[in-house]
Amino acid sequence: MRKEIVAIALLAALFAGSLLNIKIIRRITSSLYDNVLSAMNCADQEDWNSAGEYTERAVWQWDKSKRYLMVFIRHTEIDTVSSSLNDFRTEIINRDPDRTIGMGEKALEQIKSIEETESVSFGSLF
Amino acid sequence: MAIIFFRTIIIFIIIVAALRFMGKRQLGELELSELVVAVLISEQATLPLQDIGIPLIHGLVSIITLLCCELLITAATLKSLKFRSFICGKPSVIIDEGNIVQSEMKSNSFSLDELAEALRKKDIIDISKVRYAVLETDGTLSICLFEKEQAATPSVMGIDVKDKVIPVSVISDGRVLSDNLSLIGRDESWLRQILSRKGIESPTEVYYMTSDGKSDIFLAAKEIRK
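Quick mapping for you: the protein sequence lines, in order, are chains A and B. Its first residue numbered 1, the first sequence is counted upward by one per residue in my numbering. Its first residue numbered 1001, the second sequence is counted upward by one per residue in my numbering.
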């Protein structure tokens, strides 16, 4: 009976851990998403200093979260978001509004895809 | 390279522990659910090893989940006969009173060649000697011969025999197995006496020795290296 209790406890712990992981990833991605979106809005209004600040904040936050994310999500997805954020930052430094918006949208899409991949839905299950 | 090395060690330890936890039967005769778990565990374990971009936790979570599910299924099959027959199936009588049950053969997709092969593996060449043959849930065939075809036993022949104490290993490759010695009610001084009678000074000179603690002793001395 002890074995079965341990098995149930382990399954419950894994289930709770999975839900917690989804919550943490959602928190990381939504904050990242907001910063990139704010940077895009500032870039659209040609407020490059604020756009730069938001981008740096997003990159710093991403770098900080990487250690956790490396344990739980595929490394290729992390690399994709990292390179998108770097491209976005480069365009902000170059101060090209159209290309900045384009790169920003690409980064937003990839950030969202991380959240979607980790969320449990009919689509993600099948 | 280092990542693969460490991951392989971790996965190896986890799988050995998992299989040990599942019991010895998993190594030989597998029930359906056990086979599925064994196949899936081996498959899941290799994923993070083949691709270092996949986090190790993905493999570990799958293995632990499979192990827990298997434990719960095993517990449920022990508690409920209905659940057991649902998960493991039921044994099928393939030969009943010497007659091949063709409907059971068909429903189990068991061919005559396979039946003949399974009988040959049991050292039975003549199928007419078989009274019952049961296809077990793990795919093995259990056989019961007609009384007249069965080997003569002392009880059939009316001979009274006493049960022997089973001999146990007492020296293995020069090492004295103290637990087994006490199992047959003997100690090391007894062992040394027996060895000196055989002209052996020390247990380290013995390759293998078994005894029932009484008269039944098997001894193989170590070969002298040239």
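Just to be clear, a hint being listed does not mean it is correct.
[Stated by the list, open to error] Per the computed footprint, the stretches of chain A lying under chain B, defined by three or more beta-carbons under 8 angstroms from a beta-carbon of chain B, are:
#, stretch
1, 7-17
2, 74-80
[What the hints assert, rightly or not] Within a straight-line C-alpha distance of at most 25 angstroms, the following computed SDA-like cross-link-like pairs (lysine to any residue) qualify:
#, chain 1, residue 1, chain 2, residue 2
3, A, K64, A, C42
4, A, K3, B, S1033
5, B, K1106, B, A1116
6, B, K1079, A, C42
7, A, K66, B, G1053
8, A, K64, B, K1106
9, A, K64, A, E46
10, A, K3, B, E1034
[As the list claims (entries may be wrong)] If you only want the chain B side, here are some residues facing chain A, beta carbon under 10 angstroms, derived:
#, residue
11, D1051
12, I1052
13, I1057
14, V1061
15, I1064
16, T1065
17, L1067
18, C1068
19, E1070
20, A1075
21, A1116
22, G1139
23, L1141
24, Y1208
Hints in this document: simulated from the structure, not taken from any laboratory. All residues carry an ideal CB built from backbone N, CA and C; glycine is no exception.
Going down the list of hints, with the structure as the test:
1. 7-17: It holds, with 5 qualifying residues against the three required.
2. 74-80: The restraint on the stretch 74-80 of chain A holds, since 3 of its residues have a Cβ under 8 angstroms from chain B and three suffice.
3. A:K64 <-> A:C42: holds, 24 angstroms
4. A:K3 <-> B:S1033: It holds: about 18 angstroms lies between the C-alpha atoms, which stays within 25 angstroms.
5. B:K1106 <-> B:A1116: With a Cα-Cα distance of about 15 angstroms, the restraint between K1106 of chain B and A1116 of chain B holds, given a limit of 25 angstroms.
6. B:K1079 <-> A:C42: violated, 65 angstroms
7. A:K66 <-> B:G1053: holds, 14 angstroms
8. A:K64 <-> B:K1106: Measuring from Cα to Cα gives roughly 63 angstroms; hence the hint is violated.
9. A:K64 <-> A:E46: violated, 28 angstroms
10. A:K3 <-> B:E1034: Roughly 17 angstroms between the alpha carbons, so the hint for K3 of chain A and E1034 of chain B holds.
11. D1051: holds, 9 angstroms
12. I1052: holds, 8 angstroms
13. I1057: holds, 6 angstroms
14. V1061: holds, 6 angstroms
15. I1064: This hint holds: I1064 of chain B lies near chain A, its Cβ roughly 6 angstroms from the closest one there, short of 10 angstroms.
16. T1065: holds, 6 angstroms
17. L1067: holds, 8 angstroms
18. C1068: holds, 4 angstroms
19. E1070: Holds, because the Cβ-Cβ distance from E1070 of chain B to chain A comes to roughly 9 angstroms (cut-off 10 angstroms).
20. A1075: For A1075 of chain B, the interface hint holds, since the closest Cβ of chain A sits about 5 angstroms away, which is under 10 angstroms.
21. A1116: Interface hint status for A1116 of chain B: violated (41 angstroms vs cutoff 10 angstroms).
22. G1139: violated, 26 angstroms
23. L1141: At 31 angstroms from the nearest chain A Cβ, L1141 of chain B fails the 10 angstroms test, so the hint is violated.
24. Y1208: violated, 37 angstroms
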